[in-house]
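Turn these sequences into a full structure, and let the hints guide you.
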Amino acid sequence: MSEKPKLLLFISEDYYYWSHRRPLARAALDAGYEVALVTRIGGMQSRIEADGVRVISLSISRGGTNPLRDLRMLVQLIGIYRRERPALVHHVAVKPVIYGSLAARITGVPNVVNALGGLGFAFISRSWHGRALGTLVRLLLRGALARGILILQNPDDVSLLCRERLIDRDRVRLVRGAGVDLEYFRPAQAPPSGVPVVVLPARMLWDKGVGEFVAAARRLRAGGSSARFVLVGGRDEENPQGIDAPTLADWQREGAVEWWGHREDMPAVLAQATIACLPSYREGLPKALLEAAACALPLVATDVPGCREVVRNGENGLLVPPRDAVALAEALAALLADPGKRRTFATASRALVERDFAEKAIVSRVLAVYAEFARRKSVDSPA
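Numbering of the sequence shown is given in my numbering, commencing with residue 1 and proceeding in unit increments.
No lab work stands behind these hints, which were simulated from the structure alone. No residue lacks a Cβ here, since even glycine has one placed at the ideal position from N, Cα and C. Keep in mind that the hints are not guaranteed to be accurate.
As the list claims (entries may be wrong) - Here are the simulated distance ranges between beta carbons:
no.	residue 1	residue 2	range
1	Arg82	Arg376	19 to 25 Å
2	Ser46	Gly261	20 to 26 Å
3	Leu139	Leu174	20 to 26 Å
4	Tyr184	Gln45	20 to 26 Å
As structure tokens, then:
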């Protein structure tokens, strides 16, 4: 009886694995892989291991740029790869892609899948520090992506990375996000009554457009709107775009917005919402919008990569220019004033995710990428 092929997932945070990649790991187990997760352990280890996925601890600072700390992490990672000897590694996000690819090359891991969920701070920052970091990240990615297959989530990112010659197009696979569980995220049995609620479901980061959302809420409240504007998501202290606690507290005291923090019960949260909003500067494929669409909500988002894959302007929501609080306020006001349009958009949102973003279909596409390596090995083997 042959051994199961070992799949090693390298994801910096266990909570991100749980929210975005757990269905993939479970499907890989069902497909006959042994699955292990390399991650920084937070509070999810016992739940992950209950699924049959072995957790391997790694000391990784997701947002840090301390070279000595990163070197220690790389040495630890090389040791893990040497000990585990996986048939396939799947790295998720920029830092795991860069360091995981180097460790895989050093240790001779034969098959590498890299996945970039979105081209974030290093690609969109306007500060001198951000631009310098972007130049360095591009250089490192060019080396990291020299072998294996790269999964990207939207056509804009595919075009950008190929145009900048970070990778050849024939080694890129377009897989639109992580998908959404259509049974867990369902339309509410009855639309919410009372004061309309506009939710922004995201980590509290400036580049998610949180500042513009607050400014739009101020503008609408000053104009007499009775709607509630709610931020739903935790803080991210390691991210350079993280919003500090005093700022969030000031906003709540001001009364323009409410901050509900991180929530585990997102279907219940979305059942209270009238509109879901994500005025992000750039995304891979925003799971928050997919979940809101699956719950049959009308959407308002920015016309940027990732968001425009989920929000079809005039069909299931409205798109506005990024970093434009006035345009955002106008779009929200238009939807708040038009219940008929909200109902039309809501129906279209659910239909869109059922057609294009069902979790099982998305997971199957990733497993098909894994299977490419097995087919190549079969072709390359002597008769």
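Checked hints:
1. Arg82 - Arg376: 19 to 25 Å: The hinted range 19 to 25 Å holds for Arg82 and Arg376, with Cβ atoms some 24 Å apart.
2. Ser46 - Gly261: 20 to 26 Å: holds (23 Å)
3. Leu139 - Leu174: 20 to 26 Å: Cβ of Leu139 to Cβ of Leu174: about 24 Å, so the range 20 to 26 Å holds.
4. Tyr184 - Gln45: 20 to 26 Å: holds (22 Å)
Comparing the model with each earlier hint shows no violations; every hint is respected.
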